[in-house]
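S.K.: Residue strings, one per chain:
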Amino acid sequence: MNIPPAYVLTLSGILFALGVIGVLIRRNAIVIFMSIELMLNSANLALIAFARTFAPAQEALRGHVFVFFVIAVAASEVAVGLALIVAIFRSKESIDVDEVSSLRG
Amino acid sequence: MVLLEVVQGGGFFAYAPLIIALPILGLITNIIFGRRLGERFAGIVASGAVALAFVIAILQFLALQAHPEGVTIPIAEWISVGSLSIPWAIKVDTLSTTMMLMVTGVSTLIHIYAIGYMHEDVRFQGDPGRYARFFIFFNLFVAAMMVLVSADNYLMMFVGWEGVGLCSYLLIGFWYEKGEDGIGNAVAGKKAFVTNRIGDFGFLIAMFLIFGAVGSLQFDQVFHWVHEHGLANVGVISVATLFLLLGATGKSAQLPLFVWLPDAMAGPTPVSALIHAATMVTAGIYMIARSAPLFEVAQSTANLVAWVGAVTALFAATIAVGQFDIKRVLAYSTISQLGFMMAAVGIGAYVAGMFHLVAHAFFKALLFLSAGSVIQGVEHGHHHIEHGDGEPFEPQDMRNMGGLRSRMKVTYWVYLIGALALAGLPPLAGFFSKDEILADANMENMGVYILLAAAAFLTAFYMGRQILMVFFGKARSEAAAHATENPPVMTIPLMALAALAIFGGALNLPGVHKLTDWLAHTIEHVHATEFNVLVAGLSVLFALIAIGFSWLLYGRKTMKEGDPDPLRKILGPIFVGMENKWWVDELYDFLIIRPYVAISWFLADVVDWRFWHDWFHDSVLGSAYRNGSRWLAWVFDLRVIDGIGNGLGNITSWGSQRLRVLQTGYVRNYALAVLVGGVLVLSYFIFG
Amino acid sequence: MDWQDFLSVLPFIIVAGWATILLLVDLWIPANRKGITAGLAVLGLIAAIAAVISRFGIEREAFDGMIIVDGFSSFLQLLFLGVGLIAIAQAYDYLRRRDIERGEYYILLLYSLSGMLLMASAGDLIVVFLAVELLSIPLYVLAAFAIPQADSEESALKYFLLGAFASGFLVYGIALVYGSTGTTALSGMVAAIASAETTPVLLFIGSGMILVGLGFKVAAVPFHMWTPDVYQGAPTSVTSFMSVGAKAGGFAALLRIFISALPGAAVMWMPLTMWIAALTMAWGNIAAISQTNIKRMLAYSSIAHAGYIFMALPAAATPEVAPEAVRAALFYLVTYAITNLGAWGVVLAMEKAEGSGLTIEDYSGLGKKRPALALAMALFMLSLTGVPPTVGFMGKFYLFRAVIDANLIWLALVGVVTSLISAYYYLRVIVVMYMRDGEPEVRSEALLNSTIILTAFGTFFFGILPGLLIKMINQVGLLDLLR
Amino acid sequence: MNLSFSILSWVTFTPVLGVLVLLFLPKDRRNLLRWVAVLTSMVAFGLSLVMLAQFDQTNASLQMVERLPWFQLAGMQIEYFLGVDGLSVLLVLLTTFLTPISIISTWSAVEERVKEFLIFFLLLEVGMVGVFLSQDIFLFYIFWEFTLVPMYFLIGIWGGPRRVYAAIKFFLYTMAGSILMLLAILWLGITFESFSVPDLIAQGGIPGSVQTWLFLAFAAAFAIKVPMWPLHSWLPDAHVEAPTAGSVILAGVLLKMGTYGFLRFNLPLFPEASIRFAPWMALLAVIGIIYGAAVAYAQKDVKMLVAYSSVSHLGFVVLGLFALNPLGIQGGILQMINHGLSTGALFLIVGMIYERRHTREMDDFGGLWKVMPIYGALTLIVTLSSMGLPGLNGFVGEFSILLGAFGSEAIGSPIYAGIAAAGVIMAAIYMLYMFQKLFLGPLDKDENKVVKDINLREILTLVPLVVFIFWIGLYPKPFFNLIGPSVDKLVALLQAASVAVH
Amino acid sequence: MTIDLVLFFGLALISVVAAIAMIASRSAVYSALFLVLNFLTVATLYLLLNAAFIAVVQITVYAGAIMVLFLFVIMLLGTERESIGGGIRWQMPLAIVLGLALAGELAYVLLRTDIVQGPMADLSTEFGSPASIGRVLFSEYLVPFEVTSILLLVAMIGAIVITRKQRREGK
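Chains as they are written, first to last, in our numbering: chain F, 1 to 105; chain C, 1 to 688; chain G, 1 to 483; chain S, 1 to 502; chain D, 1 to 171.
Careful, some of the hints might be misleading.
No farther apart than 25 Å at their CA atoms in a straight line, the calculated lysine to any residue pairs in the SDA-like style are these [unchecked claim]: (1) Lys92/F to Tyr30/D; (2) Lys300/S to Asp181/C; (3) Lys369/G to Lys445/S; (4) Lys445/S to Pro74/C; (5) Lys300/S to Ile381/S; (6) Lys370/S to Glu180/C; (7) Lys370/S to Pro17/C; (8) Lys92/F to Arg164/D; (9) Lys27/S to Ile453/G; (10) Lys34/G to Ser25/D; (11) Lys449/S to Gly182/C; (12) Lys368/G to Asn293/G; (13) Lys449/S to Asp181/C; (14) Lys452/S to Ile32/C; (15) Lys369/G to Val36/S; (16) Lys471/G to Arg67/S; (17) Lys352/G to Ser91/F; (18) Lys489/S to Ser83/C; (19) Lys27/S to Leu375/G; (20) Lys477/S to Glu180/C; (21) Lys370/S to Pro74/C; (22) Lys370/S to Ile31/C; (23) Lys92/F to Ala52/D; (24) Lys300/S to His224/C; (25) Lys27/S to Asp437/G; (26) Lys178/C to Ala377/S; (27) Lys369/G to Leu23/S; (28) Lys34/G to Tyr30/D; (29) Lys368/G to Lys300/S; (30) Lys368/G to Ala377/S; (31) Lys27/S to Lys471/G; (32) Lys368/G to Glu111/S; (33) Lys92/F to Ser25/D; (34) Lys477/S to Pro74/C; (35) Lys369/G to Phe24/S.
Simulated from the structure, these hints should not be mistaken for lab results.
Between the sequences and the hints, there should be enough to build the whole structure, so can you do that?
M.R.: So this is what it looks like as structure tokens:
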């Protein structure tokens, strides 16, 4: 593919912002979490795009490797996060984050 | 022969410090043993200490015969800071020795008198335990007075100056639980002290000015400087002397600061006699006489001094005419006589002033002590009849007296001598001293002379009135009818003082001028005043006419119990004014009720000292001060200043509450905050 | 890659490896004797400390620049390991009391510590990112350790969601920095920036987003809002550990990245960090005033202290001041760690089994009941306020010195004014302890007490003789990248 | 170790030894605790007398110097640097003198938590002596701030009903000032790479505009501590709520730390700024004098009255210091001592009556002299001393100050001194008012009729103060001799700067 | 060139729409599915950007494993519908405005960056292949790689700790 990487980057920026918006406007903890995944994903896209511009220099592979690590981190976050959500659901019977707001002030 | 050698060699000078030390020793002895060893002991120790001081004074006198130029006896260095160097040192010269002799002499007599008087007084007042304390204060006073007169510099003089003020305060409030509302005496004492402090403020400023100009406060150095540079520095000297005058008006109860003295009569009678008639109040005169070189240069101030004295003399005399309290009459008389002295030193007649000062000490002390004798006689009478216990009785009110001539013979005679001396009848002391002032005034300043002559006329009148009301006619109360004469311990000092009042004029008899020559060793430019037959004759004539008037009003037809004062009919509203001390108290009330008016009036008239002074104390120190400080304390300080401090605290905790509201507990809000931060950070990087 | 490289990460290997071993060992330890696990964990930490000390003074890069070993990292690692020791001691009794004692607690704590250790010697943004996650994920779990208690759940969920959210920013920031400089290695970035082969705007907003991500970790305003809720809800022993460890970890990364890798962009981030520092100090201190729960109060206090440490960043933007600014920050981190751990220790002692005893009012009468404990708490409060002769004062002094040296007098002014404000709420604790009557129930447990004594002693000792600590900080040749 | 070598350290830290002993004593043996504390403070006093004996009063510079490197911070050497000179020697003595007296005064007043009270008190002494002896600004600051802590506890635990408010206010106000000073100290340290006061003075050369800021920053701390109008509002609260001994030390010593600070730091370090600010400082001082006196008069509570009188009195001290001539400064230093003695005594006096009647409202008293003659007489002397009666200590100081201020070139106008002198009148008004309200008038309240006169212990606390009241009043030469050379040195420095300014 | 552009815009459109749909969908299941769609399009983009290995990982791990886990949990917990916004009134508008601002800023910067402007050089297919990635992963990136393994272990332990507690509580 041969397009200006700026386009790809812009796409990643938009996706990132959408992820952020998702975190902010959803009350379902799982959806919020998915929005965070979207943010990470958009970062990955940016990394790949950058890596593409630096290619074929060896440094370009850093982008790829990093994406790999980000995915791994995302996976571990998901493991912990979903466990947490499940645990909370068990006691609260809800995964609405707005209902988890007794600590405040 | 040995004695003569010692005198010639000035060896007695070395004893001068004792004149201060002895009274202090006396008071320390009394502090430690006074209460335990009883009244007799306390009285004798105190009197003995003062008597010994008198002996020392005589020794100084003798020593000065051989060395009339005097000496300065250093005791110790006192304050020595930077360019300021002030020693404790005693200056023995003719002027200070005159005062030492007078003060210790009169004090000795009054101390002895007080042994008897206070014995009775502490029983009348119901607290015998306070006997020793009286003598402690009395000794302290003598010591302070000695410091004042023997000082060789202004600052040490100031020590005595405030020291006597303190004693005055303590002794006025000696019966601190008595008086109006139980606190009257204490308030009177405070009033005296505070008023005096206003004068002292003047003294302080004067010292600052003198030090600023001369670089020293030693009399010798200051006067030396005045000789050398005085004419070039008339401005500074004038201002300094003006402030000194303020000091003198405070201590010597002159306009505008005289108001404390009448109230000071709250003290026991020996106090009135010693402090508020004979000695302390003359300190202002002494100070001006001491500062003669300065006033010589500052003629305008000297002029002002003369006028202040003259006006005070007349003003106080008018009030004295309208008083019924036996001591109050004498108090206003004292103010008036001090005015004479002040006028004298103002016109440069220092010797005349000092002469009158000494003579006045004799007869006014005599009058006060006699008045005390009268009061105590009447009190005796009052106690004798017993039944009057419940009803209030004023033993000092002349309207309750009358006919005491027969019951208190000694007192009558000595009182008569004192009164005639005060009235200025020859050949008593008062005649010579007052006449010298009048003669000088006649020469120097006609206006002053006229005022003084009028005052002299009134003096003779109110003394005649007093004698007639107290001793003649019929007793106007049961107490007076049963009055008894006092024991010899009181009457003997009276007789001694009477003798002094009779022969005191010999000090500076016209033509002989002993005192003039004596003081000339210290005060420069003194001149022997020629005896002015016209002036003397006139004053005697006036005095006689005044006494005649008084006889017409009070003697010919004696007052009965409950009779109004005959003068009231004649003078009408003027008498009311005199009686009410020209409405000082009424003005005070007026100002309490309408403080706002008082404050604005104060602001409007602040420049006009002369109009203002009359109720200066009542407005500035009274209502305005009280209200003002209250406002500062409760409104300004607590609300405004504290408010700023607390206000910051409030703002912070208010902010804290607001921030708390932001902490909603919603996780999405927190994320939003992160986003806000993120957007701001990015905006900064992109657009910043 | 040689054996020296492995030595360079030896502390990390020891801690992480030991945690993994313990995971297996723990299976054989009966449920009521988890103290053994704690003890074993301590052994691991001690071994790691020995490892750090043994290579103290060595400066090198390992694994192609992924790992940097220098004074900075060694010093911080020592700090982390010390914090870990105290955290284990504090947890031991607390977990039993709250009936949540599990061997995994110590294991997770070790893992989190390993993340911190890694963070201290990270030489590449990739490592930074992984270290952040490695130190955070165990903390999420630890915060949830008291599940099904509602507070713990809520704390964990908030911490986790927001932490992940912030990670998103961090990753994106790293991506942009990578795009700008073409590398993620810190040394490479310096070179790239120096050779002007960068896209400044990308670099700036990239570093800005990294700032957001790490700012979240250290609880800087406005990324701090999770702190009070999470600190309050998490088990107190976790809070104690995370308030010190996570924050220090975040600062390790911040200092490393901004001061040693991005000094070229200092002009840009200097004003920004300055404002963040000022805002953080102000917000933390002001908001703390109205708190009634001591955990929340200390949470805001920790925000405020993040603000103080943050001042080192703008100060370090001035090149001559940078070394001292970093040292000051390190010193302050130690100060903060000692004092804060002590304060949390007292909170732990005061907390009752059911989790109450946490309002400030509950401290009424402590001065009478347990004078020594109250004295220690008073000392900690004074140290947090910055009153001599406590170590807190020395820390502030050192920091303000750097700030003034960088001519940021107004920032120093904000610092002192806010510490004045902080006096108000710290003093309130003292007031309550000494000047109100009450009958507080207090735990007295040997390990916990010893941590309190130790920290109190440290607070006082380093307040009187800070020279030892300063000497140590001066000795660690700082940040080889700076040279 | 040679005792004379480290005499200053001994003076400073002897109380710590007492604290250590106290720590190991049981807390219910109150009298034992008290004795230990009193003896410790007596020993400290004794050691300070040893210091006095070794003091060479002809020497203007620092003496008995102890100077050890403490630690180094970013190139700034911080030293443990103690030294004494004429500016501080009397204040050290005042501190060690007042401490045992204060402790004795608490014998029956403090019954609760005696052990802690005494510990805090001794720690306070350490701080105060340290403040007066430190010659390293950093060390000074440590001691300066440290004094806050024990005082805070003394007010907050053993104080009156609003003690907490007062304690916090005290802490915050003083800290507010001192943190600004901290910044200035840092600036000095960074710029000159030294914290040693003598070195900084010798180095000089701070540019004028910078001096202005530094002066203000230091002045903020000191002016609050003094306290100068309008920063005084913490003082009445602190005084009223503090326990008697606390008030004594607060008025007697702590406030002096402010004026001492001006003397030790502002004047020599920022001479040009001092000269520039002198008229303004004098103005504030004069306002303080008048204001304090006016406000004092309107008080109903004796302690409030005495507290406000401190505002007035310390106004005199500041006025004297900023006269910037030997007269004013020496007078100012002496007046610090005087105020310590007389106001300290006044607070003791108030404490004694409070212990008997548990009220300080002046309206509740009256005529006490009758039942308490010894107490009355001693009070009278102290009252008179406080209002500056010549022959007693207050006058000597006030006179020197006023005379110095009157002719001061730096202040520039005699008006200030003139107005300040009017404050002398006002002092008479409120002090006599107080005396009258307490001791004069009829003894008309039944509670007052059964009040007992002060006992031997109480007399013993007052008599030493009275002795000094007379001594300084009648023969202050020895005291001035101690101060003189150091002040002359300071003035010489200021004069050099004055040449530079003009 | 133009085909590339068309292809790109097509994919971009799909991914953006999928993202929007994900955050806008009321049902968590739909959200998850839209996210999978998004991941798939992004994976396609990876392929087009010469990141074959990553593309595969994206599909298997992300779109496959992780999203399945999500779906699994959603199913487990039940798919109750949720209204968007709610709770706090100003949250949603503010979030959208700020989110768009963020998007705008990112776009503004990324579109303007000159280094990555213009078309890219052609690459050998070797670049980004599993082999090349694997080589660096086990040499240069050994430490991060091992850390990742620890991370996953920790996550596992964490998940167990969090949920096992539940079981003990249940018994």
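S.K.: Look at each hint and say if it fits the structure.
M.R.: Evaluation of the provided hints:
no.	hint	in the structure
1	Lys92/F to Tyr30/D	holds, 23 Å
2	Lys300/S to Asp181/C	holds, 20 Å
3	Lys369/G to Lys445/S	violated, 42 Å
4	Lys445/S to Pro74/C	violated, 51 Å
5	Lys300/S to Ile381/S	holds, 22 Å
6	Lys370/S to Glu180/C	holds, 18 Å
7	Lys370/S to Pro17/C	violated, 35 Å
8	Lys92/F to Arg164/D	holds, 17 Å
9	Lys27/S to Ile453/G	holds, 21 Å
10	Lys34/G to Ser25/D	violated, 47 Å
11	Lys449/S to Gly182/C	holds, 16 Å
12	Lys368/G to Asn293/G	holds, 21 Å
13	Lys449/S to Asp181/C	holds, 19 Å
14	Lys452/S to Ile32/C	holds, 20 Å
15	Lys369/G to Val36/S	holds, 24 Å
16	Lys471/G to Arg67/S	holds, 20 Å
17	Lys352/G to Ser91/F	holds, 23 Å
18	Lys489/S to Ser83/C	holds, 15 Å
19	Lys27/S to Leu375/G	holds, 16 Å
20	Lys477/S to Glu180/C	violated, 45 Å
21	Lys370/S to Pro74/C	violated, 41 Å
22	Lys370/S to Ile31/C	holds, 16 Å
23	Lys92/F to Ala52/D	violated, 43 Å
24	Lys300/S to His224/C	violated, 51 Å
25	Lys27/S to Asp437/G	holds, 18 Å
26	Lys178/C to Ala377/S	holds, 19 Å
27	Lys369/G to Leu23/S	holds, 16 Å
28	Lys34/G to Tyr30/D	violated, 45 Å
29	Lys368/G to Lys300/S	violated, 35 Å
30	Lys368/G to Ala377/S	violated, 41 Å
31	Lys27/S to Lys471/G	violated, 41 Å
32	Lys368/G to Glu111/S	holds, 14 Å
33	Lys92/F to Ser25/D	holds, 23 Å
34	Lys477/S to Pro74/C	holds, 15 Å
35	Lys369/G to Phe24/S	holds, 17 Å
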